[in-house]
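Protein chains in written order, with the working numbering: chain A, 1 to 485; chain B, 1 to 485.
The reader is advised that the hints may include incorrect statements.
Just so you know, same-sequence chains aren't split out, so a pair can sit in one copy or run between any two.
[Said to hold, decoys possible] Taking lysine-lysine pairs in the BS3-like style, the calculated list, with each CA pair at most 25 Å apart, reads:
| # | residue 1 | residue 2 |
| --- | --- | --- |
| 1 | Lys257 | Lys347 |
| 2 | Lys344 | Lys283 |
| 3 | Lys309 | Lys50 |
| 4 | Lys277 | Lys65 |
| 5 | Lys344 | Lys392 |
| 6 | Lys343 | Lys38 |
| 7 | Lys257 | Lys271 |
None of these hints come from the bench; they were simulated from the model.
There are 2 protein chains.
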Amino acid sequence: MGKELLGKLEWRVNVPDGTSDRLEPEFGPVLKVWLGLKSLLEGFIRKIWKFFKKAWDIGVAEPKKVIHGVKVGLCISIVSLFYYMRPLYEGVAGSRTMWAIMTVVVVFESTIGSTLYKCINRVTATFLAGSLGVGVHWVASHSGENLEHVILGISVFLLASAATFSRFIPSIKARFDYGAMIFVLTFSLISVSYREKKLLEFACQRLSTIVIGTSLCIFISMLFCPIWAGTELHQLICRNFEKLAYSLDEIVTEYFKDEKTLKASDENCNKRILGYKCVLNSKATEESMANLARWEPAHGRFNFRHPWKQYLKTGASMRDCAYCIETLYSCVNSEIRAPPHLKKHLKNMCMRLRSTSSIVLEELGITMKTMTKSATIDILVAEMNFAVQELKSALNSLPDHVLTSQSSTLDASEDVEKIATTPFTEILPLTTLVYLLIENATKIERIVKAVDELAALAEFKPVADKKTIYRQSMVKLTPASNQDV
Amino acid sequence: MGKELLGKLEWRVNVPDGTSDRLEPEFGPVLKVWLGLKSLLEGFIRKIWKFFKKAWDIGVAEPKKVIHGVKVGLCISIVSLFYYMRPLYEGVAGSRTMWAIMTVVVVFESTIGSTLYKCINRVTATFLAGSLGVGVHWVASHSGENLEHVILGISVFLLASAATFSRFIPSIKARFDYGAMIFVLTFSLISVSYREKKLLEFACQRLSTIVIGTSLCIFISMLFCPIWAGTELHQLICRNFEKLAYSLDEIVTEYFKDEKTLKASDENCNKRILGYKCVLNSKATEESMANLARWEPAHGRFNFRHPWKQYLKTGASMRDCAYCIETLYSCVNSEIRAPPHLKKHLKNMCMRLRSTSSIVLEELGITMKTMTKSATIDILVAEMNFAVQELKSALNSLPDHVLTSQSSTLDASEDVEKIATTPFTEILPLTTLVYLLIENATKIERIVKAVDELAALAEFKPVADKKTIYRQSMVKLTPASNQDV
Numbered sequence: 001m002g003k004e005l006l007g008k009l010e011w012r013v014n015v016p017d018g019t020s021d022r023l024e025p026e027f028g029p030v031l032k033v034w035l036g037l038k039s040l041l042e043g044f045i046r047k048i049w050k051f052f053k054k055a056w057d058i059g060v061a062e063p064k065k066v067i068h069g070v071k072v073g074l075c076i077s078i079v080s081l082f083y084y085m086r087p088l089y090e091g092v093a094g095s096r097t098m099w100a101i102m103t104v105v106v107v108f109e110s111t112i113g114s115t116l117y118k119c120i121n122r123v124t125a126t127f128l129a130g131s132l133g134v135g136v137h138w139v140a141s142h143s144g145e146n147l148e149h150v151i152l153g154i155s156v157f158l159l160a161s162a163a164t165f166s167r168f169i170p171s172i173k174a175r176f177d178y179g180a181m182i183f184v185l186t187f188s189l190i191s192v193s194y195r196e197k198k199l200l201e202f203a204c205q206r207l208s209t210i211v212i213g214t215s216l217c218i219f220i221s222m223l224f225c226p227i228w229a230g231t232e233l234h235q236l237i238c239r240n241f242e243k244l245a246y247s248l249d250e251i252v253t254e255y256f257k258d259e260k261t262l263k264a265s266d267e268n269c270n271k272r273i274l275g276y277k278c279v280l281n282s283k284a285t286e287e288s289m290a291n292l293a294r295w296e297p298a299h300g301r302f303n304f305r306h307p308w309k310q311y312l313k314t315g316a317s318m319r320d321c322a323y324c325i326e327t328l329y330s331c332v333n334s335e336i337r338a339p340p341h342l343k344k345h346l347k348n349m350c351m352r353l354r355s356t357s358s359i360v361l362e363e364l365g366i367t368m369k370t371m372t373k374s375a376t377i378d379i380l381v382a383e384m385n386f387a388v389q390e391l392k393s394a395l396n397s398l399p400d401h402v403l404t405s406q407s408s409t410l411d412a413s414e415d416v417e418k419i420a421t422t423p424f425t426e427i428l429p430l431t432t433l434v435y436l437l438i439e440n441a442t443k444i445e446r447i448v449k450a451v452d453e454l455a456a457l458a459e460f461k462p463v464a465d466k467k468t469i470y471r472q473s474m475v476k477l478t479p480a481s482n483q484d485v
Numbered sequence: 001m002g003k004e005l006l007g008k009l010e011w012r013v014n015v016p017d018g019t020s021d022r023l024e025p026e027f028g029p030v031l032k033v034w035l036g037l038k039s040l041l042e043g044f045i046r047k048i049w050k051f052f053k054k055a056w057d058i059g060v061a062e063p064k065k066v067i068h069g070v071k072v073g074l075c076i077s078i079v080s081l082f083y084y085m086r087p088l089y090e091g092v093a094g095s096r097t098m099w100a101i102m103t104v105v106v107v108f109e110s111t112i113g114s115t116l117y118k119c120i121n122r123v124t125a126t127f128l129a130g131s132l133g134v135g136v137h138w139v140a141s142h143s144g145e146n147l148e149h150v151i152l153g154i155s156v157f158l159l160a161s162a163a164t165f166s167r168f169i170p171s172i173k174a175r176f177d178y179g180a181m182i183f184v185l186t187f188s189l190i191s192v193s194y195r196e197k198k199l200l201e202f203a204c205q206r207l208s209t210i211v212i213g214t215s216l217c218i219f220i221s222m223l224f225c226p227i228w229a230g231t232e233l234h235q236l237i238c239r240n241f242e243k244l245a246y247s248l249d250e251i252v253t254e255y256f257k258d259e260k261t262l263k264a265s266d267e268n269c270n271k272r273i274l275g276y277k278c279v280l281n282s283k284a285t286e287e288s289m290a291n292l293a294r295w296e297p298a299h300g301r302f303n304f305r306h307p308w309k310q311y312l313k314t315g316a317s318m319r320d321c322a323y324c325i326e327t328l329y330s331c332v333n334s335e336i337r338a339p340p341h342l343k344k345h346l347k348n349m350c351m352r353l354r355s356t357s358s359i360v361l362e363e364l365g366i367t368m369k370t371m372t373k374s375a376t377i378d379i380l381v382a383e384m385n386f387a388v389q390e391l392k393s394a395l396n397s398l399p400d401h402v403l404t405s406q407s408s409t410l411d412a413s414e415d416v417e418k419i420a421t422t423p424f425t426e427i428l429p430l431t432t433l434v435y436l437l438i439e440n441a442t443k444i445e446r447i448v449k450a451v452d453e454l455a456a457l458a459e460f461k462p463v464a465d466k467k468t469i470y471r472q473s474m475v476k477l478t479p480a481s482n483q484d485v
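Only chain A is shown next, with the shape it has when bound in the complex:
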C-alpha cells in the first residue's frame, strides 16, 4: 500500500493482526556512504550554482565590474607577452618580469584615481627608499666589516618601525598609506642585498620595471572604458539626491494615506522608500572616493582641481537630512494613529511642504547632474519656506481644533461645561511629523547652501536658455504661490 505523507512516499504492509508495519528501505553500508556522498555533492553543486548565479547577476547589473576584470587580464597578458621570450629565472635579468607582473597585479584598481594613487605612491616610494638604501649602504660599507651589519640592521629596524607607525597618522594614511608600505619593502630588500655593485643595478632595475608596469596600468585603465573615482562620487551624490527626494515624498504620502489603502502598497515600493538608508551609510564611500578623486587628472566635466572636498560637505548635510527622514519614517510606522479629523486638518499643508521640499531636492539633483547653476532654486526654496509658514499657521489653529471637533459631539444641554479633548499622546506622532518636516526644510536649506558653494568653487555654468524655459514651465505647472512670496 502506498501512502503519501507530507510529500514523502512511504510503504506500509497490513499485517494480519490489524496493525500496519512501515517498510524501511534497507541499505548496505556501501550504499549508505554512496547516498551520503551524493547528497553532499548535490549540496556542493547547488552552492556552486548559486554562487555563479550571483556572480552572473552582479555582472549583468554592473558590467563595468566585468570590464575591469577583463582589463586586468589583458594587462597581465601583455606584460607576460613582453617577457615571454625571456624566462623568469635566468639570473638577474629574468626578475624583471616578476616585478612588472607584480606591479600590475597589485596596482591595477577598479577606478583610475585608485590606480594612479597606487602607481604614484609606488614609484615615489621605490625611488626614495632606493636612494636612501643606497646611501645607507655606502655609509655602512665605509665603516668597517663589523659596524656594517649593525648599521644596516639598526637602520632597517628604525625606518621600518617609523614608516609603519606613520601609516596611523591621518594625513599620511589618506594619501601615502600604500607608499609607506612600499618604502619599507624596498628599503628592507635593498638593505639585505649588501654588495654595492649589484645593488645600484638592482635598485635601478626595480624602479624601471615598476615604471613599466605602472605606465601600462595607467594606459590601459584610461584607454578602455575608464572608471573615474570623481565621476563615481559625482554620480553617487546625484543618486542620493534622487533617493532623498523619493523617500521624503513617499514617506509623508504613506502617512496621510487612507488606512484602507495602506496595506496595498507593494513590496517593491517599500524597498524604494528606504532609499534614504543608502545616504545614511554613504560616509565611508564618499570619503574614500573623494580621496582618490584628488589624484585624477582633468576628465570629462571635472577640472584637475575640482573641489572634491566640497562634495564631502554636501554629503554631510545630506546625511543630516537623512537622519531627519529616518525619524520621520519611525513616526509613520508608529502604532498610534492620529484622529482622522486632525490628520485631515494638517494633511494639505503637510503634503504641500513635502512636495516643495522634495522639489528642491530634485532640483539640487538636477543642478548636480547637469553641473549648471539652477535659475529657479531661489524661487523653489522661497516656496518651501512659504509652505513652512502656512503649515505653522495651520498648526497654530490646532489647539482650538483639538477641542471643538470633539466638543461638538457633546450634549449641548449639559450644565457643566466639559470639554472633551483628544488625548495628547494620540496626536504626538502627527505633531512630531510636522516638526520634523519643518526641521527638514531647514536642513534642506543647508544643503542648498552647500551646493551653492560647490557651484561657485567648481564654476558651474549658469543655466542655458533652453533649460531656463523648461524649468520655468515646470514652475508654472505647479500651482505655486510665487506672487504671495
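Fit chain B to the supplied structure of chain A, relying on the hints for placement.
Relative to chain A, chain B alone:
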C-alpha cells in the same frame, strides 16, 4: 618718526612741503631671494614640526600604534638576520630572502585577525595557484611548441579576469579578497617561467618562504602585546554604550536647564555631548572588525566561534538609537523656546525617563564589559516603561494646561469666552522631544533584545553573587517605583 600702523612698524620722514614720505627698506635681489628662501624654509620647518607634534600626540594617546610599528620593525629585522649571511642575488636561493621579507611587510597588520586573514589567504592562494599553474604548465608542455604559448596566455588571461571579477562578489570580498589577488599574482608568475624543472622548485620555494614569513608574523603579533580585532570590536561596542548613555543624559538635561545657566556649559562638555556621533559613523569599522575577528582563535574571554555577527546586529540597533538622539539634539538646539510653565509641567517626567533610559544603556554597557548576564536589566526596563507611561499621562493633561495657564490671566468679567492659547508652534520642539524620548525607549528595548540574544549565543555567565548585591544596592539607591510596576 616711528609710527605703528596695524601692528606694522613703519618709518616716515616729514618733507618740508608738509607731506610725509614712507621710507621703504631697500633690499638687493640677493637679499630678497635669501629672505624668500628663509621664510619658505621656516614655513617648511614649522610644518614638519607640526607633523612630528601630531605624530607624538598620536603615539602618546595610543601607545599600541607605536608598539605595532616596533613589532613590524622587529619582524623585518629578524627575517633579514635569518638571511644576512646569504646575500640576495646569488641565483635562485637568494630570492628566498626577498619573498620572506615581502611577506612580512605585506602581511603584518595591526590586528591579529587581519594578520591571520592575510596569512591564511596568502598561503592558501599561493598553494592553489601554484598547483594549478604547474598543472597548466604540464598540459601546455605536452601540446607541442606552438600551442604551449597559446594555452599559457589564454589561461593567464581567463584566470586573471575571473579572479579579479570575483573580488567584487560580496562573499568573496569579505573573506578572500586578498587571496584572489595573490592567486592571480602567483599564477601569472608561474606561467611566465615556463621551464618545468625549475618551475616545481620555484613553486615550492615560494610556498616555503611564504610559510616562513607568515609564521614569523603570526608568532610575533601574538607574542608581543597582541591586538585582537575581536577585543577591539567588543570594546568599541562597550564604549558606544557609554557614549549613547552620556549623550542622552546630557542632551535632555541641557534642554531643561535654566536659560541663564545655558551658556555656562563649557566646551569640553559640549564635545562629550556629541559622543553619539561616533555611534552614527561606526558601521564600516564594526563590519570590518567583525569580518577580521572571525579569523581569530579563542583568546581571552572569546571562544573561537564567538557570535561576532550578533555584534553587528547590536551595533545596528544602537545606531537606530543614535539617529533618534541626533534628532533629539536638533530639538534642543531649536530656536523656539517652549513656554516655561509647560516645560516645568513636563520636566520631571522627561528627566525621569531620560535617567531610566540612560541607566538601561549603562547597564547594557556593563553587561557587555563584564560579559555577565545582568540580574537587574528586566527591572530597569520595566522602570523605563513605567516612566514612559507616566510621561504619557503627564502629556495627556497638557491640553488643559495649555489653556488654563493662559486663561487665568484673562479678565474674568469678559462676556465672550475667549481662551487665549499658547501657539502650537511654540510647544512643537517640546512635544517632539517627548515623542522622541518615548520612541527612544522602544529603540532601547530593541537593543536590550539584541544584547540578550548575544548573551545567549556567547553564553554569558549569570551574574556573580557579589555583583548582584552591588547591583541591587544600586537599584535601591534610585528611588524606583518597582512596587508600582
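Against the structure, the hints come out as follows:
no., hint, in the structure
1, Lys257 / Lys347, "within (10 Å within a copy, 35 Å between copies)"
2, Lys344 / Lys283, "neither (38 Å within a copy, 40 Å between copies)"
3, Lys309 / Lys50, "between (41 Å within a copy, 22 Å between copies)"
4, Lys277 / Lys65, "within (24 Å within a copy, 34 Å between copies)"
5, Lys344 / Lys392, "both (15 Å within a copy, 24 Å between copies)"
6, Lys343 / Lys38, "neither (62 Å within a copy, 72 Å between copies)"
7, Lys257 / Lys271, "within (18 Å within a copy, 42 Å between copies)"
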